[in-house]
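Chains A and B supply the protein sequences, listed in that same order. Note that this note's numbering gives residue 183 to position 182 of the first sequence, counting from 1, and the numbers run on in steps of one. Note that this note's numbering gives residue 214 to position 213 of the second sequence, counting from 1, and the numbers run on in steps of one.
In short, the hints are calculated from the structure, not lab data.
Below, simulated SDA-like cross-link-like pairs (lysine to any residue); rule was C-alpha separation at most 25 Å, straight line:
{"id": "1", "chain 1": "A", "residue 1": "Lys338", "chain 2": "B", "residue 2": "Asp186"}
{"id": "2", "chain 1": "B", "residue 1": "Lys438", "chain 2": "B", "residue 2": "Glu488"}
{"id": "3", "chain 1": "A", "residue 1": "Lys77", "chain 2": "B", "residue 2": "Phe17"}
2 protein chains.
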Amino acid sequence: MAEGGCGESQKPATVFDFLSKIVRLLQDEEALQPRRNDQVVQFQHPRELQELLPLALNKDPLPDDDIVEACRQVIKYSVKTNHPYFFNQLYGGVDMYGLAGTWISESLNTNQYTFEVGPAFTLVEHAVLTHTLNMFGLANGDGIFCPGGSISNMYGIVLARYKKVPDIKTKGLSSAPPLVAFTSDDGHYSMLKAAHWLGLGTDNMIKVKSDNEGRMIPSELVACIQKALKAGKQPFFVNATAGTTVLGAFDPFEALADICTEYHLWLHVDACWGGSLMLSKKFSSVLKGISRADSISWNPHKMLGAPLQCSAFLVREKGLLHHSNAAAAHYLFQQDKFYDISYDTGDKSVQCGRKVDALKLWLMWKARGDSGLEKVVDNAMECARYFCDRIRNRPGFRLVIPEFQCTNTCFWYIPPRLRNQEETPEWWEKVNSVAPKIKERLVLAGCLMIGYTPLSHKGIKNFFRMVVTCQPPATVEDMDYVIEKIEEYAIDIV
Amino acid sequence: MAEGGCGESQKPATVFDFLSKIVRLLQDEEALQPRRNDQVVQFQHPRELQELLPLALNKDPLPDDDIVEACRQVIKYSVKTNHPYFFNQLYGGVDMYGLAGTWISESLNTNQYTFEVGPAFTLVEHAVLTHTLNMFGLANGDGIFCPGGSISNMYGIVLARYKKVPDIKTKGLSSAPPLVAFTSDDGHYSMLKAAHWLGLGTDNMIKVKSDNEGRMIPSELVACIQKALKAGKQPFFVNATAGTTVLGAFDPFEALADICTEYHLWLHVDACWGGSLMLSKKFSSVLKGISRADSISWNPHKMLGAPLQCSAFLVREKGLLHHSNAAAAHYLFQQDKFYDISYDTGDKSVQCGRKVDALKLWLMWKARGDSGLEKVVDNAMECARYFCDRIRNRPGFRLVIPEFQCTNTCFWYIPPRLRNQEETPEWWEKVNSVAPKIKERLVLAGCLMIGYTPLSHKGIKNFFRMVVTCQPPATVEDMDYVIEKIEEYAIDIV
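Extracted from the complex, chain A is given alone in its bound form (with noise of 0.2 Å):
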């Protein structure tokens, strides 16, 4: 890692000194624990940002100093996902230990190919997949971690197709009945992504109505598999949702398995977001159902605060993920090894190279305990609970859900003087910009980050989407300031 040149002798302890001068960088300007008093982020608009980053890259060498003072910008002008007043996304801080765990995987830089080249590194893969799936109850199935949760899917889609006709591998769809899949309505968008990339096409990804709360009803599933056979499609799969991105609901995984199981159907439960509510005994019973799943997708990186990216995907089928995926490339799966090669499991991936992404979450789980990690579940929802109530019947507030489902709490904010009017869409048009202006001015204040969206399927207007995750632990104090400075920014809006 030194400068080096054929020959050139090496000079120790430099990349120790570097790094040490980043870890100094990073805590001096606040990035690895922002305080309640700084700024979410210090938002410049793209085309001044331009101007204030070092952008360019040149000819020739930069010093170390100026190197560290341009990671000094980067870090400045970062939004500060760690700090207590980021609700805007599924994803918030990081949790410590996992931190450390990407530090260390990061330094090591390697595979998860083959035992060979990660051997520390499959087995804690292995150990933290075994735990995960006996979690979930999958306790004799296999799993590997994958690049985010849309890429966790489309390994569901895949097995689910493989499985129903395993000819696909090396025929291809155009010679194959044409497949037809399905999710809810409030399913996530990465489906559609996955049926065009994988050749089924958007239209046979079919979208089943969900009710108002956002959860797939049974009967309309029915309906739509029925459809689908009688127009001669074959339908293989179904993809049920733990924790929708926006309103947080739970599909009623009972009935859906009990509809798979009559039509023969691949059950896949996307729980990226609120899969981690298996780590609570207070809050588990939404997924009941879930461990008829024949695969689960778990976003780690999610509601737990484990570092970007970690995506376990889990199969209750062993052996599936290999038959399906494998391409036995000679240069890396050699027969001929000298250890057992049954722990080279790269062959699962439809990716070559992959990143080391069991560490982080092996570590925090090593850390914290079941128990530790969920108490730091049960401090999201209670928080995201308490913030639920405390908005339920304050004036101007009203929620889209009236019931609490997730960490996810999505309401309007009616500023005074829209209240107390005839609903009409000309005022529903009004209300529809609030969140948007409300939000431009809470990012220019930097004092906190919230999302919003409609929800544009359910004739649904703009409405605020607050995001309670793990890292940093929430308070109530924090919660009560989300509804303050809501109510600050809003006062003069029309």
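Dock chain B against the given chain A, drawing on the hints supplied.
Only chain B this time, still in chain A's reference frame:
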């Protein structure tokens, strides 16, 4: 990031203190910059290693000291890929600036999907992609960072398919004519996995014969295209390779581009391995014609030493990435944001959450400049050429490809007792077992790691593949060391 609980107070400096311990541990364990007299690996067989590592996850938390000790064990038994004597894969050690980039981006834990949450990273990705596109001669193109070369290559196939038959996005492949793609028989196996996942079927990824050096034979490609056309199939995509995985061959891009023009086929170049030669005036001539490609995959995490994962996908036609892949999720890509939403690049991606992979390359490039990166590439090439020249006429060594092609050198070692014999099939069977045996001894001794493989489709038995990368910079003495060690550990092998 504190221990937390609803309302529990934070402990300032905790995160910094803990991470500082981890950095010190990495230094103490010689993991940041291993010395030549350290072991590359302290090998343990899987079952023994299972006993040595504290793998279990438990109900209760562990104290921080135990976590640090667990990290020490993981580091101890991990392969030191940044050791000067690790020549085992198409990646090796990490560039110190790149490593700093990952520590920063992991700490700031955010996502590339919107300018909103990744303002600085969005601009950094744009800057490094622009510089890269210019370097490859695709100045008006577009690009995206991907989780590895296999997925980068899939992007190429998906865009080519969308360009040829846009309706496949909505209708799927079952209504389309049978599409076929082409790659060489020495091309990377990710093409087969892609054909499976994307629904083409592996039978429709036609393997075109390559010459003895591993280069696709243009007349064979034409023959394959014509055969497919006669069979009523629709050719749409050719994958050329810049630096094949095993032999390090460069396909004849000009000739392949001419064929693709004639038959209206998309030309993708898998330059994951060899693309780094573009940085070198001395060695880039092998890439002549690559600027005629419709798309290119390049992995700076391979030869160049960017930390895993760092894989760029580049495409000539601007706008196509977005048109092909967009799903327009309202909750993320709101059209009524207060800033210029053309900077929200996430809908170009098949992923939703996307890791920040650009910062590490940007920092490396800023710190070293074009000239510094050229220097490390030239050094790797010069060392590999020196190695190749030294073994060309050395007793017992035999090059698989007589001419120097890239930093992968493929060779057999014939132990003394097998020399000067008739090269019968039985003799080759004996030679076939030499590389695995020497490899075992080298790994058990922990003094050197190099790979081996057969090339079965060429009827070639096990040989060594020795790979030089840019980090840590190799020396001629390191090359001599490899020869010495092989001879030393092979002395009594039959």
